[in-house]
Amino acid sequence: MQWKDYSLRLRALLFRRRMDEELQEELQFHIDMQANKNQRNESDTVEATRQARLQFGSVVRATEECREERGISFLEIAGRDLRFALRMLRKSPGFAAVAILTLALGIGANTAIFSVIHSVLLSNLPVTDPQQLVFLTNPDEQGLEIGFGDGDRDFVTYPEFQQLEQNNQVFSGLLAASNFTSRIPVELADPAASSAPAHVSLISGSYFSVLGVTPILGRAFGPEVDKLRDANPIAVISYAFWQNRFGGGRDVIGRTIRILNTSYEVIGVTPPPFHGETVGANPDIWVPLTMQNEIFPGQDYLSQEPNPFRKTEWLQVIGRLKPGVTLAQAKASIEVEFHQMMEAQTSGMSAEKKKQFLNQHLPVTPGSHGASTLRADFGKPLLILMVIVGLILLIACANIANILLARSAARQKEISIRVALGASGSRVFRQVLTESILLAAIGGAVGLLLAQWADAALLRMVSTTSNQVCLDVHANAAVLAFTFGVSLLTGIVFGLTPAFRAARVDLKATTRGTAGTTARPGGVPTGKIIVVAQVSLSLLLLVLAGLFVRSFRNLSQTQLGYDRDHLLEFFVDPLSYGYRATEIPALDQSILLRIDAIPGVAGATLIDNPLVSGRDSSSPVTIEGRKPLPGDNADVRWDMVGANFFSTTGIPILQGRDIAEGDSGNGQRVGVINETMARKFFPHSNPIGQRVFVHTTAGQAPFIIVGIVHDSKQHSAKEMPFPRFYVPYFNPIGNDWTLGAAILVRTVGDPSSFSSAIRSAVKQAAPNLPTVATMETMDQRLSDSLVTDRMIAELSGAFGILAVVLVCIGLYGVMAYATSRRTNEIGVRIALGAQRSGILWLVLRESLLLVLMGAAIGVPLVFAAGKWISSLLFGLQPADPLALVSAIALMFVIGVLASYIPARRATRINPTVALRQE
Amino acid sequence: MAQESSRLDLLQGTLDLLILRALRSGAMHGWAVSERIQQISQDVLRVNQGSLYPALHRLEHRGWIKAEWGISELGRRARFYSLTASGRKQLEIEAVNWSKLTDAIARVLRMA
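Protein chains in written order, with this note's numbering: chain A, 45 to 962; chain B, 334 to 445.
If you're looking for bench data, these hints aren't it; they were derived computationally from the structure. All residues carry an ideal CB built from backbone N, CA and C; glycine is no exception. Treat the hints loosely; a few may be bogus.
Stated by the list, open to error - Covered stretches of chain B, going by a simulated chain A footprint (3 or more residues, C-beta under 8 Å): (1) 371 to 383; (2) 426 to 440.
What the hints assert, rightly or not - Here are the simulated distance ranges between beta carbons: (3) A/E108 x B/T347: 18 to 26 Å; (4) A/E108 x B/T435: 39 to 47 Å; (5) A/A525 x B/G359: 35 to 43 Å; (6) A/S468 x B/G403: 33 to 41 Å; (7) B/T347 x A/S468: 21 to 29 Å; (8) A/S468 x B/D436: 31 to 39 Å; (9) A/L540 x B/V377: 43 to 51 Å; (10) B/L378 x A/A525: 51 to 59 Å; (11) A/Q83 x B/D436: 36 to 44 Å.
Unchecked claim - Partner residues are not named here, just some residues of chain B that face chain A (Cβ under 7 Å, in silico): (12) S358; (13) A360; (14) W364; (15) Y386; (16) P387; (17) R391.
Build out the structure end to end from the sequences listed, making use of the hints.
Here it is, written out as C-alpha cells:
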C-alpha cells in the first residue's frame, strides 16, 4: 500500500500534465452525464448544462482537492513557498546577507574539516574493489627498521615477501612497496626537463595488477621485473609528475629519466586519482624493487640477512583476498605460514632466544583505506576540530534563530492576515521553515566554495618544507552529500523555533495591534534560552582555545637541552653517492674540518640519528659486575656522536668530559651517559670509569663511561626523559655508517648567513655529494615537528574568537529586543522616579544573569571535554584554572559589552513618549 | 457558509464507505457511483458531487479501489473504478464498524 502510494505520487510528479488532462476529462464526463440527465426534465441544453455545473460545485476546487489527494500539491506548494521565501529575502537584503555570510562561514568550516577527514580517515583507495585489500603490515607506520622487533611487525623484509607471495593460499595476489622511499627526494635529469627532486617508490612487479590500476598511457610492469636484479631500469610515473614535468605530452613513453647514476625508461602513466598505497605520500615515480641497489647505492635490502636479529624490514605488504575468503580466514592462514617461516630461521638459537624470536606476527587488517601516517598524527586533532566547527555552526544557528524570532515578531501582522485568510497552521509552519532552509541552502553553496579555499590553507598550515602534505580534498560525492545534509539540518535547527512560533500566532492579539508592545507575562522567552545555550558553548570553545594555545606555547618554549637558535643541522649520505663505506670516516672528518675553518663557526660535529628527526637506536645494556635489569628495563637509546658533541650542541656536561678527537680510532671505547641513565643504572655509585656492555644486533662491546650530561629532548618537545648513551661515531660497534649522518654546526650570530659558506665547504670536501638542500636550525626543525599542535592552537584560537563575536552579536540582539519590548515598563519606572543608574543596572543585570546561567552549564561541559583532549595537551591539565577563569571573565565582559548599548538606550527613554506609544 | 436543509450531510468518513459499497456490484465510473448512492438511499443522501472525486482518488491511493479507462454505456471514454481485494476487506470492516456505531447511537437515543 505504501509502495503503491509512492509510485502513484511519482507518476503524478513525472506525468503531471497528462494526469491533469485525464482529471479534467473525468470531471467533464461527470458534468456531461449530469447535463444529459437534466435534459430529460429540461428541454434547454444550455440550461441543463448550467444546472449540472451548479450541482457539481466548483470544478477548480474539486481539481485542487484531487491533486492534493494525488500528492502533487506538496511539490507545488513547496515551489510556491520557495518563490515567496526568495521574495522575502530580497525584501530584506541586509538580514539575508548577514545570515548567509554567517552560515557560509559555519558550513564552509564544517565542509573544509570534513573533506580532510574524509580523505584521511574515510575514503577508499581509488583502485579496483578496495574492500578486498588486506594489510599484512602496519598501515600507520612509515620507515625502515633494522634489527628485530617482537610482537606485531610493522614491515617485512624482501625475502619474507617473496616467501609469502609464493606460499600464500588466501590471496589472489600480494604486492610489496617501500613506503619510506617517498621521503627521499631524488634529483632527476632529463635533457628536456629541468632537474628537481622527486619522490620514488620501489614496488614489486605485482603492484599494479593486485591493485587493479591500469595506466592511462603506456603500460605497467608485471611480475617479470622481479626475476633479475638491477636488470629492469623502467619506471611508471604519476599523472601529476607527467603533467608538471613532461607537460602532459603523449611522447613521454619511451623517454628516459635519470635517478642518481641510472637512466630509466618511462613506460606508463597512472590515472589522475591514483597516488599509491599510502594516503598523503604521493610518489612521483614507481620503479621495480629489484632496482633497490640503483636507488640506494651501497645498501642491500634485498638479500637474506644471515643474522635473523638484524633484518632490514622496510616493505609494506598488501594482499587481495580470493573471492569467498574472509579476513579471519586470511589472518589464520597467514599466522600459520609466517610462523613456519620464522621457525625455519631458528636453527642454532638458544631456547630463550628462540622463544623471543618466534614472538613475531603479521597484523592482518582491512586495507581499503590504504596506508597513512596521517591517521595517527592527524586523526584526533581533526576530530576535535570537527567538533569545534560543529559547535561554531550551532552558535551561528542560534544567532540566526534569534534574528528570525525577532523578525517573526515583526511579521506577526503579515502572518495573522494569512491565517485569517484561511492558511492553516501547518501551511504557515511550512512557509517559515522553507525560508530558513532556503537561507541555509544558499549559505551551504557559498560555504562549499569557501571550503575549497580553506582546505588549501589548512594543508599549507600542516605542510613543512621537508614534508608536504598532499591530499585530494576536492568536493566529491561524499563531501557534497555532507554539505547538503549539514545545510538542511542547519536550516531545520535554526528555523524550527521561529516556524513553531509563527504557526501559533495569536490572531486576536495581533489584529488588536497590542502584541509586541508589552512583555508577555510568565514563561521564559525562547530567545533567552537560546542565548544561554550559546554562552555555554562559547565558553567551552574559549576554554578549549585557551588550553590549546597555552599547550602550544609550552611546547614551543620547552627547554630542549641544547642550543635551538644557533645550531644548524643537515644530512649527508655519502654511500648513496658513490662513496665506499671505508672512505666515510675520512670524508666526514674532512667536511667537519672545512666547516670548522669558516670564520664565525663555533664548532662542528655529527650524530648518526639527526636531532629532532624521530630516528633513534635502542639496545639493552649491562653493567660490568652487575646483574642485568630484566626485560625492556635494560634498554637505552644510543647515538654515535662526533668529537666535542656536547660543547657544540650546548648540552651541559654535569660530570667528566666530552667525547674527544682521541676517542676515535680503534682504541679503548668510551661513552657518555645522560642523567636519567646515571640515575637508573647507577643509583648508589659514581658511573665515571664503569664499564658498560651495549648489546647491539652487530654484537656486544664494552664502553668506559667518561662523562655524564644533562637530559635533552632529542626528538620532540613532548619527549619524556629516557636513558641515553652516547658513543664515538668513529669508533663504532661494527662499521655502522651506512645510513648517513647529520652534521651539526654551531654559529656565532645569525645561522642563515652561513649556509652558502657551509654548502661550498661540503662541496670542496665531498664533490660527489649533491648540494645540501635543507639546512635548518633546531628551532625551525622543532616548529616543523609541531605543525599539528600549531594548527590546533591557531584554528581553535580563531574559532574561539569567532564564537565570542557570535555570542556578542547574539546577546546584543536579545538584549536590544528585550529592552525595546520593555519600553513602557521602563518609561513608567522613570516616570515614577527611577534613577538612570538603576535602569542601567536593570538591563545589565539581566544580561549578566544570562551569562551566569550559560557559564553554569558551560563549566561541566568543559570538564567533560577535558578528558577527551587531555592527551593532546602539553604541560597543563584540562582543568587549567587560568584558561577556565579567563574564559569565564571574558564571557562576563562580553555580557556587559553586549548589553551596554541597549542599557544606555533604556536610560534615555522619554517617559511621555514611551507611555503614549501604548 | 450556507447549508441546505433538505440534504443530509454525510458524516466524516461515511462517503468512503458508501463508495466502497456502491462499487461492490462491479466497476463503474464516478457519475454512476453518485447516481447509485442517491438511488439506493432514495435520494435521502445526496453526495456532494465536488467531493466525490477527491474521495475516489483518495481510495485509489489507499489501494482499496483501482481505476481503468474504459468505454461508457454512451460510447465515451470514462474512468471506471472497481474494488480491489483489500478494498473488499476494508468494506467489511467499515460496514461492521458502522452498524456497531449506529446501533450504539440508536440505543442511546432510545434510552433518552
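Consistency of the hints with the structure:
1. Requiring three or more residues with a Cβ within less than 8 Å of a Cβ of chain A, the coverage given for the stretch 371 to 383 of chain B holds, as 3 such residues are present.
2. Counting residues of the stretch 426 to 440 of chain B whose beta-carbon sits less than 8 Å from any beta-carbon of chain A gives 0, not enough to reach three: the coverage restraint is violated.
3. Restraint check, A/E108 to B/T347: a C-beta distance of roughly 22 Å satisfies the suggested window 18 to 26 Å.
4. Hint check: A/E108 to B/T435, Cβ distance near 33 Å, so the stated range 39 to 47 Å is violated.
5. The hinted window of 35 to 43 Å between A/A525 and B/G359 is violated, with their beta carbons roughly 51 Å apart.
6. Between A/S468 and B/G403 the CB atoms are about 38 Å apart, so this pair conforms to the stated range of 33 to 41 Å.
7. For B/T347 and A/S468, the Cβ-Cβ distance of about 24 Å falls inside the hinted range of 21 to 29 Å, so the restraint holds.
8. The hinted window of 31 to 39 Å between A/S468 and B/D436 holds, with their beta carbons roughly 35 Å apart.
9. Between A/L540 and B/V377 the C-beta distance comes to about 49 Å, which sits within the given range of 43 to 51 Å.
10. For B/L378 and A/A525, the hinted distance range of 51 to 59 Å is satisfied, since their beta carbons lie about 54 Å from each other.
11. Taken as a hint, the range 36 to 44 Å holds for the pair A/Q83 and B/D436, whose Cβ atoms sit roughly 43 Å apart.
12. Of the supplied interface hints, the one on B/S358 is violated, with its beta-carbon coming no nearer than about 18 Å to a beta-carbon of chain A, more than 7 Å.
13. Residue-level restraint check for B/A360 is violated (minimum Cβ-Cβ distance to chain A is 14 Å; threshold 7 Å).
14. The interface hint given for B/W364 is met, as the beta carbon of that residue sits about 4 Å from the closest beta carbon of chain A, less than 7 Å.
15. Annotation: B/Y386 was flagged as interfacial toward chain A, and the flag holds, the nearest CB pair being 5 Å apart, inside 7 Å.
16. The interface hint given for B/P387 is met, as the beta carbon of that residue sits about 4 Å from the closest beta carbon of chain A, less than 7 Å.
17. Evaluation of the B/R391 hint against chain A yields a held restraint, the C-beta minimum of about 5 Å falling below 7 Å.
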